[in-house]
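With chain A's structure known, arrange chain B on it following the hints.
Below, each chain spelled out in residue letters.
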Amino acid sequence: MRIRTMIAGALLFAATGCVEAQEFGKQVSANLLAATGVVSHEQASSLIDATVKISEAVQELTPEQEHYIGRTVGATILQAYPMHEAQPATHYLNLLGQTLVKVSGATETFSGYHFVVLDTPEINAFAAPGGFVFVTRGMLRLCDSEEMVAAVLAHEIAHVELKHGLQAIKTSRLTSATALLAVEGAKSAGSPEFRQLTSLFGESIQDAVTTLVDKGYSRSTELEADRTAVKILERSGYAAAPLLTLLEAMERTNQEQGGFAFLKTHPAPADRLAELRAGQPDMPGLVPSPDSRRKRFTAALGNV
Amino acid sequence: MRYRIMLLALLVVLAPVDLRAERIAVREGVLRQSPSPFGAIKKKIPYDTAVTVEKKQDGWFFITAPASGWLHGSAVSESKQSLRMAPGKASRAGAVADNEVALAGKGFDKNVEAAYRKEHGQLRYDLMDRVEKITVPEAEVKKFSEAGGTGRAR
Numbered sequence: 001m002r003i004r005t006m007i008a009g010a011l012l013f014a015a016t017g018c019v020e021a022q023e024f025g026k027q028v029s030a031n032l033l034a035a036t037g038v039v040s041h042e043q044a045s046s047l048i049d050a051t052v053k054i055s056e057a058v059q060e061l062t063p064e065q066e067h068y069i070g071r072t073v074g075a076t077i078l079q080a081y082p083m084h085e086a087q088p089a090t091h092y093l094n095l096l097g098q099t100l101v102k103v104s105g106a107t108e109t110f111s112g113y114h115f116v117v118l119d120t121p122e123i124n125a126f127a128a129p130g131g132f133v134f135v136t137r138g139m140l141r142l143c144d145s146e147e148m149v150a151a152v153l154a155h156e157i158a159h160v161e162l163k164h165g166l167q168a169i170k171t172s173r174l175t176s177a178t179a180l181l182a183v184e185g186a187k188s189a190g191s192p193e194f195r196q197l198t199s200l201f202g203e204s205i206q207d208a209v210t211t212l213v214d215k216g217y218s219r220s221t222e223l224e225a226d227r228t229a230v231k232i233l234e235r236s237g238y239a240a241a242p243l244l245t246l247l248e249a250m251e252r253t254n255q256e257q258g259g260f261a262f263l264k265t266h267p268a269p270a271d272r273l274a275e276l277r278a279g280q281p282d283m284p285g286l287v288p289s290p291d292s293r294r295k296r297f298t299a300a301l302g303n304v
Numbered sequence: 001m002r003y004r005i006m007l008l009a010l011l012v013v014l015a016p017v018d019l020r021a022e023r024i025a026v027r028e029g030v031l032r033q034s035p036s037p038f039g040a041i042k043k044k045i046p047y048d049t050a051v052t053v054e055k056k057q058d059g060w061f062f063i064t065a066p067a068s069g070w071l072h073g074s075a076v077s078e079s080k081q082s083l084r085m086a087p088g089k090a091s092r093a094g095a096v097a098d099n100e101v102a103l104a105g106k107g108f109d110k111n112v113e114a115a116y117r118k119e120h121g122q123l124r125y126d127l128m129d130r131v132e133k134i135t136v137p138e139a140e141v142k143k144f145s146e147a148g149g150t151g152r153a154r
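First to last, the sequence lines map onto chains A and B. For the first sequence, position 150 (counting from the first letter as 1) is numbered 150 according to this note's numbering, and the numbering increases by one without interruption. For the second sequence, position 37 (counting from the first letter as 1) is numbered 37 according to this note's numbering, and the numbering increases by one without interruption.
Derived by calculation from the structure, the hints in this document are not laboratory data. Warning: the hint list may mix true and false statements.
Rough simulated footprint, nothing fancy, chain A against chain B, three-plus residues with beta-carbon under 8 Å [unchecked claim]: (1) 25-38; (2) 69-78; (3) 118-129; (4) 140-148.
Away from chain B, derived, C-beta distances all over 12 Å, residues of chain A [unchecked claim]: (5) GLU224; (6) ALA278; (7) PRO284; (8) GLY285.
Virtual Cβ for every residue (Gly too), placed ideally from N, Cα, C.
Next up, chain A with everything else stripped away, as it sits in the complex (with noise of 0.2 Å):
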């Protein structure tokens, strides 16, 4: 009993609290766990992490209330870009979206998930809160296979499973939004309370939307994604070196033409891949793809 209040006790204390606090709660958190036996101190570490990582603010939405941020940052990216809508690329993409989930952290999300494809020649991709993820024609055409269109959804499935897009909304807006629905007035439509609990909806949205397309997230953040990118190409059997090619396509366009739209966001391909190959030294080569995949990926994507 006394291990148990310790635990939450050392849990509770990672969860809040300064970094220093935080650093040291973990380590404390982590040995708890350990000890008891039920996981070894690399898994102990990996679930305190993901106590430490999704704020409690994030942690308090519901799945209902993710889907609802989720639709509307889509209707305000469909807003600044065109949907393409072509059947074989839509419905190739997925498919293989996923298969790639499948084997993903967060397989099931409130609606699932649905991958769109955006006309512009623009190279970029988003993932909107709950799983509408959003690639664009220009990012297409880069991927010269279908394993390189697996590493672009894999890292934009990454951040929905992380929460990324709801992490870029500022914590005050959530607890206002949560301290409101206390409020019997909340409720009905029109009150006072209910234009309040709108208005930061909309700051919400802002918040990620502003992230997710004009400034990008932290470099840690994408880091984060593209290391649980890789655990799920390596899940799937995909494997991760593509995104590595990827990336590497990337830094070549970047020289070729200079500045496009997803180093805005993004930092540069070079500084990636160097971390991704520091964090995994050993990552199996890139193999050929086979052909049943690549007489697939010309026929959907060929033209695109």
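What follows is chain B alone, placed relative to chain A:
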């Protein structure tokens, strides 16, 4: 040795607490016969339904109520209260009529979306409605996965 026995006893005490995940966290939770991505589908369970988790295995939860079968862990919320109510409101649920409970304190929901949409007519919710309908049958995903030799997602 005695320490180990104590820890074992502690685990027994902790186990029921750890394994009490409570609610379906997705619009339709897919209950499968086996803990695998393409396991045969037994049933779909709606959002916020209370479930009894008996055991967990590699990210999958075996539930015994309202039906028995396997759910992916991401389809289950650890929350011990309804996902349709604001935090702290659960204890008052009994005092409110059923339809009010369903409406109360959902936060950012379809009503908030509707109000926001009215003020932002240029946003492409019409396209998002279509995006939500983009789905591929599971059998086709399985075929795609097998044909491409991405074998582990069985």
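inquiry  = Checking a non-interface call: every C-beta of chain B should be farther than 12 Å from the C-beta of A/PRO284. Is that right?
reply    = Since the minimum Cβ distance to chain B is about 15 Å, A/PRO284 lies beyond 12 Å and the statement holds.
key: Cβ contact check, 8 Å cutoff: the region 25-38 of chain B against chain A, three residues minimum   = holds (count 7)
ask   = Count the residues of the region 118-129 of chain B with a beta-carbon closer than 8 Å to any beta-carbon of chain A: does the count reach three?
value = Since three or more residues must qualify, the claim that chain A covers the region 118-129 of chain B holds, with 8 doing so at under 8 Å.
key: Annotated coverage of the region 69-78 of chain B by chain A, confirmed only when three residues or more have a Cβ within 8 Å   = holds (count 4)
No chain B beta carbon within 12 Å of A/GLY285's = 17 Å, holds
ask   = Regarding the assertion that A/GLU224 does not contact chain B, is the least Cβ-Cβ distance greater than 12 Å?
value = 18 Å, holds
key: No chain B beta carbon within 12 Å of A/ALA278's   = 26 Å, holds
Coverage criterion applied to the region 140-148 of chain B (partner chain A; beta-carbon cut 8 Å; 3 residues) = holds (count 6)
Violation of the numbered hints given earlier is absent; every hint is satisfied by the structure.
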